[in-house]
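**Student:** In the order they appear, the protein sequences are chains P and U. Numbering-wise, the working numbering puts 903 at position 116 of the first sequence, and it's gapless, one number per residue. Numbering-wise, the working numbering puts 184 at position 51 of the second sequence, and it's gapless, one number per residue.
If you are wondering where the hints come from, they were derived from the structure by calculation, not from laboratory data. Careful, some of the hints might be misleading.
[Claimed, not checked] Computed cross-link-like contacts, BS3-like style, restricted to lysine-lysine with a CA-CA straight-line distance of at most 27 Å:
(1) U:LYS232 - P:LYS939
(2) P:LYS867 - P:LYS857
(3) U:LYS225 - P:LYS930
(4) U:LYS183 - P:LYS862
(5) P:LYS939 - U:LYS225
(6) P:LYS800 - P:LYS821
(7) P:LYS857 - P:LYS821
(8) P:LYS888 - P:LYS860
(9) P:LYS808 - P:LYS867
(10) P:LYS888 - U:LYS183
(11) P:LYS864 - P:LYS888
(12) U:LYS183 - P:LYS864
(13) P:LYS794 - P:LYS805
(14) P:LYS808 - P:LYS794
(15) U:LYS206 - P:LYS805
(16) P:LYS821 - U:LYS183
(17) P:LYS867 - P:LYS852
(18) U:LYS183 - P:LYS867
(19) P:LYS852 - U:LYS183
(20) U:LYS232 - P:LYS852
(21) P:LYS888 - P:LYS867
(22) U:LYS183 - P:LYS857
(23) P:LYS800 - P:LYS859
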Amino acid sequence: MKNNNFKNRIRNKRLREKISKMVNSEDEFENFKKYMNNGISSEEFTIIMEVIRESRLNGLFSDLKIDEAKLKKAKRKVIKLSPESSQFPLMSELYQNHNGKYIVEDLMNEYHDSILRDGMIIGMDYGKKFIVEDLQNSRFTRKDIEEMPTEKIHEYCEEIRKEI
Amino acid sequence: MKEKIYEKVKEDSKQAYAHYLKAFGIIDDEKSVKSETPKKNIDLMILLSKLGLIESNSENIEIINEFHDYLFKLGIEMGVGHGKRMVIDAIKSRSIDFKKLMEMNPQEFVAYNLEPPFIADMKEALANEK
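Chain P with its partners taken away, still in its complex shape (with noise of 0.2 Å):
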């Protein structure tokens, strides 16, 4: 058991230096949509949402030119937020189960992870229509479908028509 946990540890470890690798260089980055595109478990899925997070997170706040000690100050804080609050719709989503009171980083990470996911499931549901409209175009066939070699699935899987 304690060895399986430290190969999990290392294998993770890896996992993450290779993600972020593609995340974070330009050059990479076709390569990571590739890699998407392979389809990927859900502990991947969590690095990757880890690493865009944090890099992307990084670049608004420079972007911003927020003082860097102050930031990581100020993302400890736990601060208590009025359920009334009408201005703060997104984080009283998660009211009810904080009591009120929210560490400052979660609400920057939830932040950024409901925007990500918002546009994931709109792209997820744009590619479920994109193929079936391919499909009845007869674009191919459910033969070609079935015997599309991985690369071409890639390459297919890459293609967006409309300018986004």
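Chain P is fixed; fit chain U onto it per the hints.
**Tutor:** Using the frame of chain P, we list chain U on its own:
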């Protein structure tokens, strides 16, 4: 003044969100969007300004809006491949009624319950994160 800025951001991002849904053919009418998503960039703005980390001004709102838009698009890009893969996997594993699929309106199919392991995993991972 601040309230006016917040209102404008709310409206602008709601329109952008609705625009994506319509552009991708997921909805027919942009007016039907009542999502809470557009409010999220205002959340961050309020949070950061209340913590004294930024000033609540139009320049910072612009930066946060751009970030919101970037992240949203990134999510869409990440999601499209998965959506297609869901259908490919379902066809390959024959877990979908192909005849029915060919007769379905693509918009109806978006609402069709198609949850391969990844999606269930993703939901579980997100739930565990909370």
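**Student:** Are the hints correct? Go through all of them and say.
**Tutor:** Each hint tested on the structure:
1. U:LYS232 - P:LYS939: holds (24 Å)
2. P:LYS867 - P:LYS857: OK: LYS867 of chain P and LYS857 of chain P at ~19 Å, within 27 Å.
3. U:LYS225 - P:LYS930: Holds: LYS225 of chain U and LYS930 of chain P sit about 9 Å apart, inside 27 Å.
4. U:LYS183 - P:LYS862: holds (13 Å)
5. P:LYS939 - U:LYS225: Answer holds: LYS939 of chain P to LYS225 of chain U is near 14 Å, not above 27 Å.
6. P:LYS800 - P:LYS821: Roughly 21 Å between the alpha carbons, so the hint for LYS800 of chain P and LYS821 of chain P holds.
7. P:LYS857 - P:LYS821: Not OK: LYS857 of chain P and LYS821 of chain P at ~38 Å, beyond 27 Å, violated.
8. P:LYS888 - P:LYS860: Given pair LYS888 of chain P, LYS860 of chain P holds - Cα atoms ~17 Å apart, limit 27 Å.
9. P:LYS808 - P:LYS867: It is violated: about 37 Å lies between the C-alpha atoms, which goes past 27 Å.
10. P:LYS888 - U:LYS183: holds (15 Å)
11. P:LYS864 - P:LYS888: Holds, because 10 Å separates the two Cα atoms, which is no more than 27 Å.
12. U:LYS183 - P:LYS864: holds (12 Å)
13. P:LYS794 - P:LYS805: Cα-Cα ~17 Å, so holds.
14. P:LYS808 - P:LYS794: holds (21 Å)
15. U:LYS206 - P:LYS805: The given pair, whose Cα atoms are some 23 Å apart, holds under the 27 Å limit.
16. P:LYS821 - U:LYS183: violated (40 Å)
17. P:LYS867 - P:LYS852: Holds: LYS867 of chain P and LYS852 of chain P sit about 26 Å apart, inside 27 Å.
18. U:LYS183 - P:LYS867: holds (12 Å)
19. P:LYS852 - U:LYS183: holds (16 Å)
20. U:LYS232 - P:LYS852: Violated, at roughly 56 Å.
21. P:LYS888 - P:LYS867: holds (4 Å)
22. U:LYS183 - P:LYS857: Distance of about 13 Å is within 27 Å: holds.
23. P:LYS800 - P:LYS859: holds (24 Å)
In terms of the numbered hints stated before, the structure departs from hints 7, 9, 16, 20, listed from lowest to highest.
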